[in-house]
Every structure is written in C-alpha cells, then in structure tokens.
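Based on these hints, arrange chain B on the given structure of chain A.
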Amino acid sequence: MSWLTKSLGSSLGKKLLMSLTGLFLISFLLVHCTLNALVFLQDGGETFNKAAEFMATNPVIRTMEIVLFLGLIVHMVDGLRLHFENKSKRPVAYAVINGKNSTWYSRSMGLLGTLLLLFLVMHLSHFWFNARIAGTIPEQMTMFEKMKEVFVSPIPVIVYVIGCGSLAYHLMHGFQSAFQTIGWNHPKYMPTIKCIGNIYAIVVSLVFAAMPIAFHLNLIK
Amino acid sequence: MEGNLNLTLKIWRQKNANEAGKFETYQVSGISEDMSFLEMIDVLNNRLIEEGDDPVAFDHDCREGICGMCSMYINGSPHGPNKGVTTCQLHMRSFSNGETITIEPWRAGAFPVIKDLVVNRSSFDRIIAAGGFVSVNTGNAQDANNIPIPKEDADEAFAAAACIGCGACVAACKNASAMLFTSAKVSQLALLPQGQVERAKRAQAMVAQMDEEGFGACTNTGACEAECPKGISIENIARMNREYFSAVFAAK
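Those sequence lines, one after another, are chains A and B.
Going by the numbering used here, the residue at position 25 of the first sequence is 25; the numbering climbs one at a time, nothing skipped.
Going from the second sequence to the numbering used here is simple: count from 1 and add 1000.
For the record, the hints were derived by calculation from the structure and aren't laboratory data.
If a hint is listed, it holds; no wrong ones were tucked in.
Below, computed lysine-lysine pairings styled on DSSO-like, alpha-carbon distance capped at 30 Å:
1) B:Lys1201 - A:Lys6
2) A:Lys87 - A:Lys6
3) B:Lys1174 - A:Lys100
4) B:Lys1115 - B:Lys1022
5) B:Lys1010 - B:Lys1083
6) B:Lys1083 - B:Lys1115
7) A:Lys100 - B:Lys1010
8) A:Lys50 - A:Lys146
9) A:Lys194 - B:Lys1083
10) A:Lys188 - B:Lys1151
11) A:Lys87 - A:Lys194
12) A:Lys221 - A:Lys50
13) B:Lys1174 - B:Lys1010
14) B:Lys1015 - A:Lys87
15) A:Lys194 - B:Lys1151
16) A:Lys146 - A:Lys221
17) A:Lys100 - B:Lys1115
18) A:Lys188 - B:Lys1174
19) A:Lys87 - B:Lys1174
Covered by chain B, according to a simulated footprint, are these stretches of chain A (three or more residues, beta-carbon under 8 Å):
20) 91 to 98
21) 173 to 182
Derived, one-sided and incomplete: chain A residues facing chain B with beta-carbon distance under 8 Å:
22) Trp3
23) Ser10
24) Ser11
25) Leu12
26) Lys15
27) Leu16
28) Leu82
29) Asn86
30) Asn101
31) Ser102
32) Ser106
33) Arg107
34) Met109
35) Asn185
All of these numbers come straight from a predicted model, not from anything done at the bench.
A virtual CB, placed ideally from N, CA and C, is assigned to each residue, including glycine.
Only chain A is shown next, with the shape it has when bound in the complex (with noise of 0.2 Å):
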C-alpha cells in the first residue's frame, strides 16, 4: 500500500483527492438542493417534511451521512494544506501582478473554501447538530417549522446568501477543474462540461439562495 500513499502525496495525487471528493460533494448538493427545493411547493411544508423524514431515517442515507464528512473532511484538509505548500513555492512575492490570465475565483479557491467552511458552522448548527446530535428541536417542530424560525432573523438570511455566492464561484471553477485533474479535458466534450459546470454553479447558488430569502420575506406559504 505504500505505492498508493506515495502516489495521493505527490503534488498530483493531492490534486485527484481534491478533484474526486470535489466532485462527490458536487453531487451531494444536486440532491441537497433538489429535495430542499420542495419547500417551495407552497403546501405547507408536507411533501418536503415527508423527504426531510425519509432522509433522517433511511439507513443508506444516515450511512451515506458519515461517507460524506469523511469527503468533505478530506476536502478540506487537502485544500488547506495545497494552499499553504503552494503558498510557500513563491518565497518573495511579485511587486505587480496582472491578474488578467485568468478568473480572479480560480485563484481563490482557498478563500472561497473557507467563507463556505465559515457558513458550513452556522448552516450545521442551526438544522444537523440540532436535529441529529443535540435533539434541541422539539418533537412536533417540522424541518418546514425550524426554516421559517431560524430565517426570521436577518443575520442569518445575509450569511446564508454570502455563503451561496462564494458556492457559486467555488464550483464555477472547481466543476471543469475537477474534471481537468482526473485528465477528462477533450477539445469536444471539455466546452460542454465547462458550459454545464457554470448553469449548475449558478442555477443550485440561486435556488439555495431563494430559501432563506422567501421564508424572510414571508413568500412560502
């Protein structure tokens, strides 16, 4: 097995961690996001209680809880540390930079990574640790309930969209970048993937986005 560690250090090898587990929490968010949408339905909250239960239930999906800290755990820990080692590489800093060749969020992935980190602490303990691990939401408090309470207040609908633009240009970058890093650039597919990673950055930002602002505002019925 010493191949396989070797191999994951090297400079590449941090990178193809980053990309599959980047990739992995990409496809959490898509189903995240779609069963969140269902509050939207404007019936109360029902059927999005009702997906908000089987997904507290269901043993494959709590199983597939601790599979996705494990991914975002090594998302992290990776990043942070490609940042500092690739930060250490240019000893004394340039006195001018042009910063036209290339996308001024491609280059902060690290701080886009870790406003998201800063969000990810309030988002989880305002619903997973009250609802999983302290149990501090009453019995006969709903998901749909416990979203309207904690987004009455306007300090949380303000981080929620900060947290949702930094998601958009985390994944603007890092959904092509994924797929450069795993080899998949191909003159006829990468414009395609770029094209998709970019609607899919912006269309889940917005739809999460929407939530805290639409129970702010009083919009979902």
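Below, chain B without anything else, positioned relative to chain A:
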C-alpha cells in the same frame, strides 16, 4: 536610431543569491519603438557601464524567440503584455511614452535568483533528465513509413514539443507550479510510438522530480497557458495526469 520614448524603469537589483534585493529606478530616453525590449535594456546597460555602474544582469541568447533564455517579468506578466512572444521579441512600440515599467525576475523557490534578473532554471534540466532515455534501434534509419503516425498525433506532439523551457508558466502560476512544462515534456513522447516503451516510468519519474524540486501543485487557473510564449495548452496537463495515474494504478 534615435527614438521618441522616454521611460521610467523599476528594475529588481540583487547582487547574488544570498543578499536581499531591491528595486532601483532608472530613466531612459530616446528609445526607438522598433527596439526589442532587450535592446532597450542594452541601451541602459551601455550607459551604466560608461558611468562606472554595474550593468543589469539578464539572461538572453538567440534573441529570436526559440532558445528560452530570456525571462523578464514585465508589468506583472512573464515576457510582458503581448501574447505568444518572448521578451526578446517584445518591441518597445508596445509601450507608451512616459510609461513606468516594472521588471522583476521569475519568482519561485525552485528558480533561485543568481543575479538581478537572472534565475537558476537548472531544476527544469533535472526534470528532463529524470525522464530518462528513449529506446530506439541503432544502425541505419529505417524507412519512415515503417512507423505510421496519424497526422493529428504528430501535430499534437509537435505542439507540445514547441515548449522552449523558458519557465514563464512557473512565473505566471500563483503556485509556482511547473505542471505545464513537465506535461509538455511528458506529452511530446507519450503521443509518439517511439515514446511508448518507457512511457509509464517516464511520467512517474518526471512528476517525482518536479515535486522534489519544490514546484507547487496545479489549481487549473490557466494562467500558464495564457502567458506561455509558445501557446502550450493545458490539455497537456490533463494528459500528464492521465499518464501518471494510469502508470501508478496499473504498475505491478
């Protein structure tokens, strides 16, 4: 060849690898628009020598864009503002009268400064050397038609082989990564029949040497591709990743 450009130059001066460097400001006047950037530095250096000062040290050799020696980081871009040219082919008509131009050496831990704008790029040589040999038959050259190569493959291999090893990719990369260089060198052989025998070994050895030299990892920003004077594509980086991972996972 009296010209009409008067410029302010902010140039990085550093005595040697061990001493700290700093920017010095120089005025040059009467620069012709038809001069290359290096000729403009020659004008400055002639004056510095006449005045008894130390001329600005910089790398240069062919001055026709094929040797890969010139290496100036001009106004925040390797080889200056124009696309697809090296510093020696950058002309002063790309600048305007009265402009201030900041000139820095390539900045990377793996490219230590030797003096002023000259950096040591022998880490690139060691990456190439790590690639090892290519097995070919000795004796008379065989008939060219014995090894059919699709035109597309030949073109792609040639496009990768256009890399002159100047290091602009490392200079442009926020991580000082040498992925574009290394991937071009891996690709030019991986694409051709002659490179097949040592293919897996070569990819692993060159990546290992690249890491050993202290270059960063890739963030896929594409800055290297945008600044490369030879237009090397980051498709080569994807190919190197494929070569490396398939070598690692398939090796017995």
